[in-house]
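J.: Take these sequences, add in the hints, and give me the full structure.
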Amino acid sequence: MKHGKWPLLATFLLPPLALYAYFVISPYAQTFVISTTDWHGLSRNYNVVGLDNFKRLWNDEHIWNALLHNLWLLLLLPVVTILLGLFLATMLNVGGRSGRITGVWGASVYKLIYFAPQMLSVAVIGVLWTEVYNPRSGLLNAGLRAIGLDGLAQIWLGDPDVALAAVIAVMVWSNVGFYVVLFGAAMQSVPKDIYEAAALDGASRFATMFKITVPLLWDTIQVAWVYLAIIAMDSFALVQIMTRGGPSFSTDVIGERVYDVSFGDSQFGYGSAIGVVMFFLTLTITIVALRLTRRERIELS
Amino acid sequence: MSAQDLTRRAVLRAGAGAAAVAGSAGLLSGCALGDDEPETKSDKYEGTKSDKNPLGVKEDAPLEIVIFNGGFGEDYAKAHEAMYKETYPKAEIKHSAVVEINKTLQPRFVDGTPPDFINDSGAGQIPLGDLVAQNQLADLTPLLDAPSLDVPGKKVRDTLLPGAVASGTFGEGVYALNYAYSVYGIWYSRKLFADKGWAYPKTWDEHIALCKTIKAAGIAPWTYAGKHPRYFSWAVLSTAIKLGGNSVALAIDNLEPNAWTSDAMKTAADAWYQIVKDKYILEGTPGLDHKQSQAEWCKGKAAMIPNGSWLESEQKDVTPAGFNMSVAPTPSLGAGDKLPFEAIRGTAGEPFIVPAKAKNERGGLEYMRHMLSMKGAKDFTTKVSSLTIVAGSTDGVTLPPGLSSVADALKASGTNGFNWVYPVYYRKLERNLVDAACGDFFSGRTTPDEFLKACQKGADEIAADSSFKKYKRTA
Chain A
1 MKHGKWPLLA TFLLPPLALY AYFVISPYAQ TFVISTTDWH GLSRNYNVVG
51 LDNFKRLWND EHIWNALLHN LWLLLLLPVV TILLGLFLAT MLNVGGRSGR
101 ITGVWGASVY KLIYFAPQML SVAVIGVLWT EVYNPRSGLL NAGLRAIGLD
151 GLAQIWLGDP DVALAAVIAV MVWSNVGFYV VLFGAAMQSV PKDIYEAAAL
201 DGASRFATMF KITVPLLWDT IQVAWVYLAI IAMDSFALVQ IMTRGGPSFS
251 TDVIGERVYD VSFGDSQFGY GSAIGVVMFF LTLTITIVAL RLTRRERIEL
301 S
Chain B
1 MSAQDLTRRA VLRAGAGAAA VAGSAGLLSG CALGDDEPET KSDKYEGTKS
51 DKNPLGVKED APLEIVIFNG GFGEDYAKAH EAMYKETYPK AEIKHSAVVE
101 INKTLQPRFV DGTPPDFIND SGAGQIPLGD LVAQNQLADL TPLLDAPSLD
151 VPGKKVRDTL LPGAVASGTF GEGVYALNYA YSVYGIWYSR KLFADKGWAY
201 PKTWDEHIAL CKTIKAAGIA PWTYAGKHPR YFSWAVLSTA IKLGGNSVAL
251 AIDNLEPNAW TSDAMKTAAD AWYQIVKDKY ILEGTPGLDH KQSQAEWCKG
301 KAAMIPNGSW LESEQKDVTP AGFNMSVAPT PSLGAGDKLP FEAIRGTAGE
351 PFIVPAKAKN ERGGLEYMRH MLSMKGAKDF TTKVSSLTIV AGSTDGVTLP
401 PGLSSVADAL KASGTNGFNW VYPVYYRKLE RNLVDAACGD FFSGRTTPDE
451 FLKACQKGAD EIAADSSFKK YKRTA
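The listed protein sequences derive, respectively, from chains A and B.
Taking the UniProt record's numbering, the leading residue of the first sequence gets 1, the next gets one more, and so forth.
Taking the UniProt record's numbering, the leading residue of the second sequence gets 1, the next gets one more, and so forth.
Hints were generated in silico from the structure; no laboratory data involved.
Some hints could be false.
[As the list claims (entries may be wrong)] Using C-beta positions, here's what the derived DEER-type ranges look like:
| id | chain 1 | residue 1 | chain 2 | residue 2 | range |
| --- | --- | --- | --- | --- | --- |
| 1 | A | I113 | B | I219 | 38 to 44 angstroms |
| 2 | A | Y28 | B | K103 | 18 to 24 angstroms |
| 3 | B | E46 | A | V226 | 37 to 43 angstroms |
| 4 | B | T113 | A | D150 | 33 to 39 angstroms |
| 5 | A | L152 | B | K338 | 44 to 50 angstroms |
| 6 | B | T113 | A | G106 | 55 to 61 angstroms |
| 7 | B | S96 | A | V24 | 26 to 32 angstroms |
Given the structure is predicted, the values throughout are model-derived calculations rather than measurements.
Glycine included, every Cβ here is placed at the ideal spot set by N, Cα and C.
T.: Structure below.
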């Protein structure tokens, strides 16, 4: 067995690694090369322009505008999604009032409902919500009017003041179900007697949430944070389907810039430069998020 | 290394090394940029020229055709392919219809192995200006100078409507065949107007008065593709060109300084601002996309909509019976207008191209010659309900109401027709910059002055950007 291990490992590891290198790492590496050229993506001709694309990027107001929206996403998406996810997971797992530590009545049905958006592709979600947001025949305005809240009816995706919030709301909606399940699973592994002890000591639900649930789930929350930060930096697919960055660039994000500049204007060199910047930003944010949220591990037993 | 040393960490490290090696190998072999291209003109299919075969097609050479599968579908192309096959029975035709032309064909352009004939259209269109700038398109002049397939004694060039060749001309050469003839104007339902006793307004004052009447009747006078607000820029530009003449369009196409803030543009924008100020636009319109706004119009919620002649076939499934849609020119601003009321924007659209590196370039051109025959054009018009650039090809064809109104409008417009091509030269300027400015203007967030300044800023941005190849036109 001693000598059989390496060939075995090589057999199972090298082919996938080679595939990964060819289809994932190599295009990434090429992006770095392309970002220093003025390649138009329609022929093999290109000139090496050094760092010109990055200088141009620095002075491009559309880039800064898009970055600002990514920043908003970065602030709002993880916070709202995690808080909502924690709240819903608590309700579904330890929120019941029957005296035992259990979820609210009908928890298993709710779990299914919350998780449902996970089963839809982003394209479906985008088209679905575009119709929901339709200011004339959409479900949202019709619903608001039906309950007498006519004043709250909006043009939604057509109003630059509202559009970004409307898109973020859809992102939260489509992501929160996954974190409800994730946090729920983590809560299941917390010994019930901890909650029972807290209940006996007369801890309020609020205190239980922040003194017991959050610290015990910290590792999971940290993972959720990193995932959501990456989603917030990208957020291309939904924006592309719902608004294409409009109206008036009010929902533009960096991912949309990469696409628009590359495929719309046939400037793959410049588009790659934006992609490279996006890569480093995402990497930095991930590292920072991991560092800042690092804590002592709490042993459960 | 013993088995004990074989920790998880060691395996990962070895794996990373392997990945790095494989990665750099991949970088060399599969690089998108590649080496300088090997110019191999010699391996193109070439046959001998004759009277029946004026372009010198190799009769048994395979022909690859890629069609954009959009509003026009792909059936018309199959009919044209059958015609080609009739002439060259030995040729094998490979047909494919795709929605994302760019994603499908961009790698093949880079690779130097594009298909022989492309319908480059749709949202995933490859920008023509860029293709020309990268020398990727074949010059269509030999085709235009070849004899027509079924109009005896005439060159292909002489069978086309005025302006058809110009719209595909970039600098010295003709690189795109814009096959469908589109008219851009204001659309309304003849039935609605007749039922209510309204007449389509010819002057601006009549137009505003009519808007008042329409609104009083509980209908919104206007709607537009709120999420693609550039549709409304067509009406503003048309109004300005009718006021100030073709030089207005010329200045904009040539990216001249202050072209967008010219007096004619100012007067036109001020006029259109009236319908924003007086709330003559259907509520919620800025949040509707083109299909949603067209649907509201078809439902009779709005009376007028700025659009192009593809509207009828796009709305085919939802237009109520007897709706009787019709196109009209924008109202005249006043007696000082340089062009008459009847002048309408007409242009050849729907580009078809033959790549310069196509193996069967001659076959691609010959296929175009079949499209441009009287039979091919008639077939297209009946199948997709759109005019073509082939003159007289609608004779004897029964047209649906919208299309026959297009044909009438075109006839009335005569030699006063006008057009602008800046969206073809600089796609970004219309699709992104003017689009955003129109969105702000028509939803009432900016004044006419701010609107034109925003457009001008976009044009200046393009003019100053050396990464866009610049084109000039003189007429």
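J.: Name the hints, by number, that the structure is in violation of.
T.: 3, 4
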